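**Student:** So you can see what is in the structure, the chains are spelled out below.
2 protein chains.
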Amino acid sequence: MKRAFTKDQTWLQCMDCGYRADLLNERFFRCPKCQGLYDIHHDLNPPLKALARVYELERPDLTYKRVFDFRAGKGTSWSGPVLSSGVWRFKELIMPYLPEKHIISLQEGNVPIVRAGKYLRQWVGDSIDLYIILEGQSPTGSFKDFGGTVMMSIAKAAGIEAVCCASTGDTSAMAAAYAAAANIRCAVLLPKGKVTPAQLVQPLIYGARVITLPGDFDDCMRVMQHLVTNYRIYPANSLNPSRIEGHQVTVFLIAQNFEWELPDWIAVPVGNGSNCSSVGKGLRLMSQVGFKVKTKILGCQSQAANPLALSWKNAISIQEWQNAYKSIKVGETTATAARIGNPVSCKKVMREITLSNGEMQTASEKDLNEAVAICGRDGYFVCPQTGIALAGVKNAVRDGQIQKNERVVVVSTATGLKFTDSASNNLKKEIISAPSCKTETVLNLIMHT
Amino acid sequence: MKRAFTKDQTWLQCMDCGYRADLLNERFFRCPKCQGLYDIHHDLNPPLKALARVYELERPDLTYKRVFDFRAGKGTSWSGPVLSSGVWRFKELIMPYLPEKHIISLQEGNVPIVRAGKYLRQWVGDSIDLYIILEGQSPTGSFKDFGGTVMMSIAKAAGIEAVCCASTGDTSAMAAAYAAAANIRCAVLLPKGKVTPAQLVQPLIYGARVITLPGDFDDCMRVMQHLVTNYRIYPANSLNPSRIEGHQVTVFLIAQNFEWELPDWIAVPVGNGSNCSSVGKGLRLMSQVGFKVKTKILGCQSQAANPLALSWKNAISIQEWQNAYKSIKVGETTATAARIGNPVSCKKVMREITLSNGEMQTASEKDLNEAVAICGRDGYFVCPQTGIALAGVKNAVRDGQIQKNERVVVVSTATGLKFTDSASNNLKKEIISAPSCKTETVLNLIMHT
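Residue numbers (our numbering), protein chains in the order written: chain R, 1145 to 1593; chain C, 1145 to 1593.
Worth double-checking, as some hints may not be accurate.
Chain copies aren't distinguished; within one or between two, either way the pair holds.
EDC-like, lysine to aspartate or glutamate: derived pairs with alpha carbons at most 20 Å apart [said to hold, decoys possible]:
1. Lys1146 to Asp1166
2. Lys1262 to Glu1305
3. Lys1582 to Asp1543
4. Lys1336 to Glu1584
5. Lys1262 to Asp1187
6. Lys1582 to Asp1362
7. Lys1338 to Glu1574
8. Lys1218 to Glu1403
9. Lys1436 to Glu1584
10. Lys1582 to Asp1360
11. Lys1336 to Glu1574
Calculated directly from the structure, the hints in this document are not laboratory data.
Owing to the predicted nature of the structure, the values given are computational and were not obtained by experimental measurement.
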């Protein structure tokens, strides 16, 4: 099979020691020299020069704006992913050398960025200029689709036959849907007896092989690692750096929404850390290609799973943070998708928060649930992880980190429709029982409760 | 309060006797003379003339195309609904006289129209050119948002204080979300003991008053009718013709997707009939303003609830159909949202199917469930009602109604995430139990099952 791109065009590079590896053939996803995490790098000059020639404006960033603005809204069933996907609109920035024929897209990424409603503005503090990017309005209902489309396109370009993950949540849904679109096998490994069919509806409907093992989650992870290392099975989990390339688009979409002026803050929930890593990488990339960037990242964790927030201190260096960091035993939380005591990408989170002069916040369980309820009152049904980020913003306003009139965009990572169990438990007490079927009785309940 | 528009600009008109009523003050939603259904009419000449002057092209339809194409993809948090909503992009066609300040939008309507995947094409018959408009990628997860944004905007313009419905499904979710955005009270009336909190998560999270009555569904409907007739409570159910105006956008989005060439067929599931009514009205409107329209409507019902398909015969006149029509006692089906034995809008369905030279089809329970599963294999998780329309298309190909190379667009009414119970029951048998944690055993299950 002809290589989709060369190792000099797009490659993997260890974030710690600089070791380079081949994105299309590497399978272990940890640096063999020092066990560091990989970043993806591109030789951006040729694609950006080509792009700059489109309009031949004086400053290249003006051309980028015009090209990306032109592409938005041009999508049809026929027009190809660069026009129809909100992720591939930014192809030159995320995967410039990948031939378009390899792209696996479900028309993801055209998501709304809405101003916070009345109730949320009151709850957070009305002095700031608050927005939410609703990434849950995606093919599989979560932000993972942004990364999924890039990951599965690379898998296709690399000739992968099967992808694999060990997840009951958004990752398995995303992996299964994009694998279906790519006509690649997908396997989801899970401990037997620990999961319900309801948790697995999405991977099953998308035709993934959902396989239960006679063991625990660690056994599933161990088997998956063997499959990845020895049998060319592609991992769909957070270690896979292709996903990060797609998630950077969160930053580009936000910039485009505000006529290419970046906000003061982007607030994200931190579970395994891929959101935070990619927002930071996207901000650095925008700065590198000529945009003015002053955005700080607010990383937010729940009280039940806050190893990064616990070890963070203002003005800490990456090295000091790494020294202070300890993984923790997680507690109970409704924000199950971010219930992680030792995030895979924790070093990348430390790098991006520090480089952006950002901050970390911890959200209490009460606050994160309240945030979801308050958002609902404004007409938006978001997931509990979004609640973490919203509560984090509230705390950051209280603590004076976010200041008056600053513009803040919160990343809403999934639709609330994927987390109805926790919501329905909190809400059933709200159902009103009418004592009779008299119209006046019901009218009174409508107008005066 | 100043009127938002006059009775000569936008009005209600009985589809049977032509009686006119005031959209902003009418509450009963049945013609007082003959109990007929209302249509909404507009004096379209002034707004369309104004629009035609934008580019001053020879043919006005060329200008409409250019204006609507310009607006697509221009949306930001600030730009207002005409640029940011896929529904209000077509404001001149759906509610031309409504001042923009009354519009209540959640940035709905920017939904993908995708070509059917490999498995679905095989299942339906690969000789046709098949697409799906995924209307479930909407704020509340169903097509109802298209109508909801228009209905709630009219409610706001009319000074309504509370809306009401008796529904456990997509209608209550839509009504509650848009009422929240409009800061209007919303009540959902339901029989006590017949519904679970899980069914009500969306109305509850959006802050609706969910009120259970000591009675059955008929009591809820009776109380609602009293509230509507005597206390200026606004009905959010299918009778409300404002919803139809928004649903017409399905046709305009499809036209725009295919560079303003309408497909041969649009296939819709028929429950209460609002989808079918609005697609027909939208097609007639496009023809009226100068587009070439030859699209036929394929109305599809499940075997469990097919009063319209049962009474329909090819080349039947509206009058003959009405004479043959009988309401039926519904059976069991997974497509619960279309389980209706006497559709509210049945006369409108008859009108639109007949005027478009369309057809009716009945989908078997086996076929509609199979269609959902097949769609999943291509990476799309759709609701059982979408399954009805897909199975209807399959039957229409088999019966020679849809012919070789014809272009067909299926309306997918909601995301499968709203109907996981039926899906998970069908799917749990698909879970594979590995006999051991050996890597080779698992690999074998991945690659050879």
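**Student:** Indicate, hint by hint, whether the structure satisfies it.
**Tutor:** For each hint, the structure was consulted:
1. Only within a single protomer do Lys1146 and Asp1166 lie at most 20 Å apart by alpha-carbon distance; the minimum there is 15 Å, versus 68 Å between protomers.
2. For the identical chains of this complex, Lys1262 and Glu1305 are inter-copy neighbours only, at 18 Å across copies versus 49 Å inside a copy, given an alpha-carbon limit of 20 Å.
3. In this homomeric assembly, Lys1582 and Asp1543 never come within 20 Å of each other (Cα to Cα): the closest approach is 51 Å inside a single copy and 52 Å across copies.
4. In this assembly of identical chains, the alpha carbons of Lys1336 and Glu1584 lie at most 20 Å apart only when taken from different copies (18 Å versus 54 Å within one copy).
5. Taking CA atoms no more than 20 Å apart as the test, Lys1262 paired with Asp1187 passes in neither setting, with 45 Å inside one copy and 36 Å between copies.
6. In this homomeric assembly, Lys1582 and Asp1362 come within 20 Å of each other (Cα to Cα) only across copies, at 13 Å, whereas the closest approach inside a single copy is 59 Å.
7. In this assembly of identical chains, Lys1338 and Glu1574 lie within 20 Å of each other by CA distance solely across copies; the values are 16 Å between and 31 Å within a copy.
8. Taking identical chains as interchangeable, the C-alpha atoms of Lys1218 and Glu1403 lie at most 20 Å apart whether they share a chain (18 Å) or sit on different chains (10 Å).
9. For the identical chains of this complex, Lys1436 and Glu1584 are neighbours neither inside a copy (60 Å) nor across copies (52 Å), given an alpha-carbon limit of 20 Å.
10. Taking the shortest alpha-carbon separations for Lys1582 and Asp1360, only the inter-copy value of 13 Å comes in at or below 20 Å, while the best intra-copy value is 56 Å.
11. In the homo-oligomer, the alpha carbons of Lys1336 and Glu1574 lie at most 20 Å apart only across protomers (14 Å), although the nearest pairing inside one protomer, at 36 Å, exceeds that limit.
In summary, the numbered hints that this structure violates are 3, 5, 9.
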